[in-house]
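Which chain is which? The protein sequence lines are E and U, in order. Quick note on UniProt numbering: the first sequence kicks off at 1 and runs consecutively. Quick note on UniProt numbering: the second sequence kicks off at 1 and runs consecutively.
No lab work stands behind these hints: they were computed from the structure. Keep in mind the model is a prediction, meaning the values are calculated, not measured. We put the CB at the ideal spot given by N, CA and C, even for glycine. Please note that a few of the clues may not be correct.
For lysine-lysine, the following DSSO-like pairs were computed, each having C-alpha atoms within a straight-line distance of at most 27 Å [claimed, not checked]:
(1) E:Lys-314 x U:Lys-27
(2) E:Lys-65 x E:Lys-92
(3) U:Lys-8 x U:Lys-27
(4) U:Lys-27 x E:Lys-155
(5) E:Lys-307 x U:Lys-5
(6) U:Lys-10 x E:Lys-168
(7) E:Lys-297 x E:Lys-287
(8) E:Lys-168 x U:Lys-81
(9) U:Lys-27 x E:Lys-300
(10) E:Lys-168 x E:Lys-92
(11) E:Lys-215 x E:Lys-6
(12) E:Lys-138 x E:Lys-205
(13) E:Lys-307 x E:Lys-138
(14) E:Lys-205 x E:Lys-297
(15) E:Lys-36 x E:Lys-307
(16) E:Lys-314 x U:Lys-59
(17) U:Lys-5 x E:Lys-138
(18) E:Lys-6 x E:Lys-88
(19) E:Lys-307 x U:Lys-27
(20) E:Lys-138 x E:Lys-297
(21) U:Lys-81 x E:Lys-138
(22) E:Lys-287 x E:Lys-205
(23) U:Lys-59 x E:Lys-132
(24) U:Lys-8 x E:Lys-168
(25) E:Lys-138 x E:Lys-92
(26) E:Lys-215 x E:Lys-132
(27) E:Lys-307 x U:Lys-59
(28) E:Lys-300 x U:Lys-59
(29) E:Lys-297 x E:Lys-36
(30) E:Lys-65 x E:Lys-113
A short list of chain U residues far from chain E (calculated; beta carbon distances all over 10 Å) [unchecked claim]:
(31) Asn-4
(32) Lys-8
(33) Gly-17
(34) Ser-40
(35) Gly-42
(36) Gln-55
(37) Asp-60
(38) Val-65
(39) Ile-82
(40) Leu-84
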Amino acid sequence: MELKTKSFSKEILNLENIELVCDEICQKLRLDIKTKLKRRGAVVGISGGIDSSVVLALATRALGKENVIGILLPERDSSPDSLMLAQKLAHKFGVRTFVEDITPVLEGFGCYKRRDEAVANVFSEFNPIEDKAKIEIKQTIAQNIPNVFSLTIVKSNGFHISTLLPSKEYLQIVAATNFKQRSRMSMLYYYAESLHYSVVGTPNKHEVEQGFFVKYGDGGADVMPIGHLYKTQVYQLAEYLGVPQQIIERTPTTDTYSAEQTQEEFFYQMPFHEMDLLWYAWENDYKAEEVALVLNKESKEIQNIFKNFERKQKTTEYLRLPPIF
Amino acid sequence: MIDNKEVKEKILQYILGATSSVENEIKDDTLLFEEGLFDSMGLLFLIDFIRDEFQVETKDDELVVENFASINSISAFIINKIELTESNDSKKLVIIHK
Chain E
1 MELKTKSFSK
11 EILNLENIEL
21 VCDEICQKLR
31 LDIKTKLKRR
41 GAVVGISGGI
51 DSSVVLALAT
61 RALGKENVIG
71 ILLPERDSSP
81 DSLMLAQKLA
91 HKFGVRTFVE
101 DITPVLEGFG
111 CYKRRDEAVA
121 NVFSEFNPIE
131 DKAKIEIKQT
141 IAQNIPNVFS
151 LTIVKSNGFH
161 ISTLLPSKEY
171 LQIVAATNFK
181 QRSRMSMLYY
191 YAESLHYSVV
201 GTPNKHEVEQ
211 GFFVKYGDGG
221 ADVMPIGHLY
231 KTQVYQLAEY
241 LGVPQQIIER
251 TPTTDTYSAE
261 QTQEEFFYQM
271 PFHEMDLLWY
281 AWENDYKAEE
291 VALVLNKESK
301 EIQNIFKNFE
311 RKQKTTEYLR
321 LPPIF
Chain U
1 MIDNKEVKEK
11 ILQYILGATS
21 SVENEIKDDT
31 LLFEEGLFDS
41 MGLLFLIDFI
51 RDEFQVETKD
61 DELVVENFAS
71 INSISAFIIN
81 KIELTESNDS
91 KKLVIIHK
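Turn these sequences into a full structure, and let the hints steer you where they fit.
What follows is the structure, given as structure tokens:
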């Protein structure tokens with residue numbers, strides 16, 4: 001945990017020397033891949049999202065574009081924008097790409113069938129061909145209660161139906177959907193091993209610490225160069241590194257469920273700029289009263305948000321633990 | 001008419017079975033989330049238990065700390081829901097009877 005040295009402000013997370021931050025990350029990435037891991041290049045799964053775009057840009061800067069490849073891994077539920085933006089990014093940085101549609105792999109695992117079966121257990125009227133589905137947290141983060149997911153289906157006429165998910169169906173939907181991240185991880189390691197490269201992971205600090213990743217899925221990588229950066233800092237790096245503006249302006253989505261869904265709806269329950277500041281405040285033991293004053297909120301609300309963070313970190317500890325032996 | 005004491009006892013027994021707590025550690029007003037007895041999955045399994053044991057469905061907007069903070073609040077939530085259902089059922093019967 002960092003030591004608290006300055007008073008809390010909205011600007012406390014602004015990176016003052018972005019060039020230096022990028023240089024340090026790149027130097028460490030070179031050292032990790034070449035010296036520690038003894039690999040000769042980097043494989044990055046690119047989704048057209050901000051995190052993987054910044055990681056690709058950093059890897060290119062660290063290792064040279066000829067030593068980095070971008071893998072695009074769309075599936076049936078992916079937005080077509082994701083593929084288009086990832087290709088645009090790779091073109092911008094001159095990186096070779098490979099497109100691997102993982103839909104047949106997921107069909108083989110029964111990913112869609114198992115997920116849709118659980119959705120239909122909750123909503124018998126669910127038609128997987130015409131309707132779309134997503135899971136989301138409907139509680140506000142300031143409520144002092146653990147998060148529980150609801151299932152929403154969007155009918156072909158745009159009508160939404162939502163209900164709290166029973167545990168059996170919730171677990172089945174999550175377990176089935178996690179085939180997506182785990183299949184992607186397998187494909188990334190195929191390319192990494194066939195080229196003697198490393199897999200460079202793309203989670204940011206929130207994803208790592210709040211457990212917004214799949215164990216042995218997107219959490220499976222050799223090195224995670226932005227795992228210590230807050231989301232707003234990732235955006236600062238994106239601007240500096242020249243990530244295409246369309247990617248910077250895109251709302252972060254999960255791109256996992258058939259119905260459209262932002263990361264805020266799915267997991268974080270608040271905008272990134274606020275979450276960054278609050279997480280930093282919590283992690284560095286700032287008093288709720290001081291934070292409330294700066295963010296123009298009630299102290300009680302801040303206290304509840306801090307409790308929610310603590311719960312999220314504890315609940316997801318299992319995801320970050322290596323195998324126990 | 002459902003008995004409050006009986007509901008509380010069933011909830012207590014469920015909590016003892018679902019967590020590593022011992023009986024004298026959990027009072028009717030023990031704050032279950034504050035004490036770290038339930039996380040998200042724990043709460044979800046508790047909601048399943050309430051549905052299976054008392055035939056009480058929890059809705060999205062009922063998932064608030066006031067309904068789940070302690071054995072007292074869970075019991076009050078269950079009893080209110082059961083009474084509401086019974087009252088609605090008897091109104092329906094009156095309408096049918098008329």
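What hints, given by number in increasing order, does this structure fail?
-> 4, 5, 10, 11, 15, 17, 18, 25, 29, 30, 34, 35, 37, 38
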